[in-house]
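Number of protein chains: 2
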Amino acid sequence: MTLLFTFPGYEELAKNLAGKLKCTQGDVTIRHFPDGESFVKLNTDVKNHEVILLCGLDHPDKKAMALLFFTKVAKELGAKSVGLVAPYLGYMRQDKRFHGGEAITSTIFAAFLSQHIDWLITIDPHLHRHKTLDEIYKIPAKALHAAHSIATWVNKNIDHPVLIGPDEESEQWVSDVAQQANAPFIVLKKIRHGDQDVEVSVPDVELYKDHTPVLIDDIISTARTMIETITHLKKSGMKPPICIGVHAVFAKGAYEALLESGVESVVTCNTIPHASNAIDTSDIIAQVI
Amino acid sequence: MTLLFTFPGYEELAKNLAGKLKCTQGDVTIRHFPDGESFVKLNTDVKNHEVILLCGLDHPDKKAMALLFFTKVAKELGAKSVGLVAPYLGYMRQDKRFHGGEAITSTIFAAFLSQHIDWLITIDPHLHRHKTLDEIYKIPAKALHAAHSIATWVNKNIDHPVLIGPDEESEQWVSDVAQQANAPFIVLKKIRHGDQDVEVSVPDVELYKDHTPVLIDDIISTARTMIETITHLKKSGMKPPICIGVHAVFAKGAYEALLESGVESVVTCNTIPHASNAIDTSDIIAQVI
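Chains as they are written, first to last, in this note's numbering: chain A, 6 to 294; chain B, 6 to 294.
Bear in mind the hints are in silico, worked out from the structure with no lab data behind them.
Be aware that a few hints might be false.
Since copy identity is lost for identical chains, a pair holds within one copy or between any two.
To be verified - In the DSS-like style, the derived pairs of lysine-lysine whose C-alpha atoms are separated by at most 27 Å in a straight line are:
id, residue 1, residue 2
1, LYS257, LYS46
2, LYS195, LYS147
3, LYS52, LYS101
4, LYS67, LYS80
Here chain A stands alone, though its shape is the one from the complex (with noise of 0.2 Å):
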């Protein structure tokens, strides 16, 4: 049988994934006392079962830990597996010792999980210098894509969408949803007059004054270039945009100015627990487990 863990915060996305699943959840108990020790209790049997555990990597130090007492608890009661289902995946941002002395932490942390946990799913990582998950984790480790979840509710919830893309680097990604919802897009364009003086043009807004704009980026952490964006757009007469991101991470006050910035409204995919969640991506998550 397989059983279905989640860490505090993926309550509804477990109780999704476990019903696609057909399989059972079981029940953890997570706690940290005062002195910043973490405590973990399984409260159902694991003996021969194929356990699977849904535990976002976003802010690693705090749950690293708590999900190391896990895997090791699980592996002793008697689990046949244990498979790690984080729909943010941490620590892939160090690549590559950039300055003499710093710690390569991807590849670090990848190889900590790697030697805890027997495979991964994850969605959208940021694969920059390490162009697979393979190069780095020693374990079946997959990377799922958000377009499908994005483009299904675009397609449910926005009447004639346009689909924008922040830069030229995005166009792949913002197409690939564009054509699963079956919407137009348009990806911003710099034009370098010189070193300081660079101007952003919207191609064909013209044709799109009557859409409703959907930007769409992966990672949502300052919001800084969304918010540039969201002033190209507003000059160029557009509406005010809907904007996604597939993951909430959110820096302290961004979600704040994100919002105050001339917005229709914020939506993310629920791989980071966040009050902007709103596309379910345990569709996506199902298909391959």
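Place chain B on chain A using the hints.
Same frame as chain A, but now just chain B:
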């Protein structure tokens, strides 16, 4: 050559220790990003050197990943060995599966550390069901006693001290400090008159009315035991005591409550950085390295 690095908070202890060991201090940058990830950068070349890291393991979850990154990058960059001086050792209380399904965090955490460091030195760890560190650590692991540091401090700072143990369990520990400080000691006695009716007596109190009571305990966490003991000392007519703890764990509000409970002062060893730190442990650490 031996290089001594320190995590934030232990700078003074590191300076004292480096002075006594006549070793060079290494420089490391430890930063925490707003998204909860850690950054570690060695600013001193460790190639072919023996590395000592000073990092207490109070709030271990906050530090475990940075500690892992430190040990890995030090080894990658050619350190001959990485030893850990953790003046306070966390995860020592859950030394048993008290209820089914619980992770035995003392054992799992010890295995985690054993994998990444070459040796461990700590001070007065909470050894209860584990009788020695060797039961759970696979590396050389040494538990030092703060008694000598405390006795030296008492000798130097208190006229006519009488050392006080809060209960009979503390007798061995308090008598050890008393002997080294060449001072008398008393241990409070509980006399049971019934299930609910417990009388606490202060033996030989008449002998010590003019002495300065020095109340000693290993960990001050909630400070409840100390505050209760202070009430008994007051009732029996003793002077306001000086309270000494080895480890300044202090739950929220506990230090303030202790200060307001009628003490002369509160003093702790520098094993966990805290405003009350006054007793230096660099002597006992330097002796064994």
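Can you list which hints this structure breaks, lowest number first?
-> 2
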